[in-house]
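Following the hints, complete the assembly by docking chain B onto the known chain A.
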Amino acid sequence: MATTTVPVPRNLTRGPQTFQVRRVRSAIMIGLIWLAALVSVIPLLAVLGWVFFQGLPALNVDFFTQLPGPPDDPHQGVANGIVGTVELLALASLISVPIGVGAGIYIAEFGGSRYNTLLRFATDVLSGVPSITIGIFVYAVVVLPTSRFSLLAGGIALALVMLPILIRTTEEMLRLVPSAIREAALALGAPTWKTILRYALPAALPGIVTGALLAMARAAGETAPLLFTALGNNQWNTGLDQPVDALTLKVYFYAGQAYDVWRREAWAGAVVLTLMILITSILARVATRRRHGR
Amino acid sequence: MADNPAPFIRIQTQLPPAPPANGRAGLPQPPGAATPGAAAPPTDVRPALAVQDLQSWYGAFQALRGINLAIAPRQITALIGPSGCGKSTFLRCLNRMHEVIPGARATGEVLFEGQNIYAPGIDPVLIRRHIGMVFQKPNPFPTKSIFENVAAGLRIQGAPKATIAETVERSLHQAALWDEVKDKLHQPATALSGGQQQRLCLARAIAVQPEIVLMDEPASALDPIATLKIEELMLQLKEQYTIIVVTHNMQQAARVSDTTGVFMVRPDRAGELVEVGPTRQIFTNPQDARTEAYITGRIG
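From first to last, the protein sequence lines are chains A and B. The first sequence runs 10 to 303 under this note's numbering. The second sequence runs 198 to 497 under this note's numbering.
None of these hints come from the bench; they were simulated from the model. Note that the structure is a prediction, hence the values are computed from the model and not measured. All residues carry an ideal CB built from backbone N, CA and C; glycine is no exception. Zero decoy hints are in this set.
Some but not every residue of chain B turned toward chain A, in silico, with C-beta under 7 angstroms: (1) Arg326; (2) Ala349; (3) Ile353.
In isolation and in its complexed conformation, chain B is listed as follows:
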């Protein structure tokens, strides 16, 4: 099945043309409603991220091959696929966290506000200040209090001291955690439950007002109730933020996302994006045979 290149080519043809180096005016039009299987943001025409021909490696092993994808702003894009298909790797390429792993590298273009984040001279540290991340396992700083965990990004980025307390409170409200922690802000973050810790990490990520929040299986280590809370939060947060979420849980993708991308493993073990489209369409009328096999439980 994977030797059929058709879906790969089809996706490429949907891609926006390469944008000019500057300005909003000439920015790529995202694939419109006319092309089925493409993200179709209703109002804002400018994609939050446009990925072109992204390749990534771990040492000599190529983990991703030729990924092309436009991410619609202020929507939730879900990335699904079987284990080892590279969806987490792809996510980490979007804020240059991939290269943090020794031996890992990526090539290609990821256009963020018209700039390729892989262009020479781009500072990955600054990219990560605009494109935040929530990890699979809750990872609060164990030596810091609840308050200091949310304030961490603000302090790192040198926010004015006077504004920090206010921003921390607002972020904890946004993460629906304020009522649970307001009386113990100065206790260690590790005293919280797993679900609370994950919402704390979410508050920490949005405290610095990123444009985009990447979530790498944010609920896979949580119980169903905590998972539900995270999903409700995602739906609220998409009013303000562009969210890209990797998930193993197809029901979760169906519940929360507007657009879904499906990753598959190629015969050479590299991952590729086989199909992307409105979530409803992916789950009801997939265009690719592999997508259908995956969502009906025959792959993965």
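Okay, chain A solo, but in the shape it has when bound:
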């Protein structure tokens, strides 16, 4: 290595020609992707803007407190639909959260690789099933045998919508928990179930809660699974085995009507629904951000 090599001077000065060409090309490409980003945001803003423009004026106290009425009744609302949506979501969560989180734990912590592949594939298929198909399925297995449209049937349908999201987020969040935490618990003499339940699961909990909130937001916006299951109802729901109204159903039925009163109710319903989902999503994001801030 002791040979004396004289370094050949490289030409590192920028050539004026190529530099200009590169700069123009760069500007064009950046402009194009900026345009693509803009175009993709326009529909979101347009939808939100239009819904709020049409819906906000239609919102009033009656909307939140009164039951639906005939088209000539000026004091009507969808109070039963709002309560119904909350009931449906609560029931759907009650069914899907334990099952979804449980299945997620199984996939992440147990199971041979063959089972896991199968389960993950099944989950993907379920999340890809069109929601109207879920509606027909629940109609066939719950509504027909019980001979009634019901809150129960609607809750089951929404639970099926939420299930794949819950399974995947639980699994992914548990996988993010470092194995060092599990080993620490095992080395202290914790049985496997205590290791998972007391140490791995709490570390994954913020992420799982976020996933559950997003799944609920998704289910809140579903109409199709409710058409043949919850059916809709112009009165208060009186039981698990009775039909129940939902905001999405109200929007669906009112939007196609000829009466202005009902069309305004549809717009107002769209606004309330959008706000509910927006707020849930923002809550979920805030929860996630706080976790990463630690």
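Chain B alone, transformed into the frame defined by chain A:
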């Protein structure tokens, strides 16, 4: 060099005879001072652990081959050797943490208080309650407070609630951490520095009063001052506990350990124990050519 089987055989011949299934009386005599290169506990004659013909695998890959070793009680035994020689694997075999890794398994005998921990019917969960572990990277439970981290093992093992606070304080004292954390016991453990976290993990491990504490490169992720603290702690803790420490740091082994075992990689990539003896002897007058090459920096 590794094709010379002599050291392997020599170690085998030093091994205690297999003990009878029951009782203290017939327990194996550890290799006495008469056999050079063997651990020689001065008073207690019963080894804390006696390993016989231990083999371990990751799937089809054999990571350890024919390990024989007697661990003297209330001493620090250091395990050194180049990367990939299986010393961490060996350590994890001693409290059945090895099999936690999917596909990993081990065979052979590890006698703890006269019982083979690999015998059928032995509950690995109970073994780990007697043989604790401190890991390479500090791994406090991130969702738990400082107090709850030390209390974790006690709660897992169902210690009476009334005794927990007292035990936590005593363990933190033993880990020389009490003065630093006594005012923030209920803050998250992740707020501590790396060295403090490692001492917290040590406090957590000794809170449940194990017989043996296994340490897997406990200071390799720490700065020199934190390392020194851990080493001082080890010297204090050996009054009460048997400590087995895996280390990459030969100076650390020389500083803290009474006995040193040297692991090497065989040509088939499995690890083996090539030499074990009083630390002074290993570092000044190694019997095995590979040990000498390693401690003088020619291997590893």
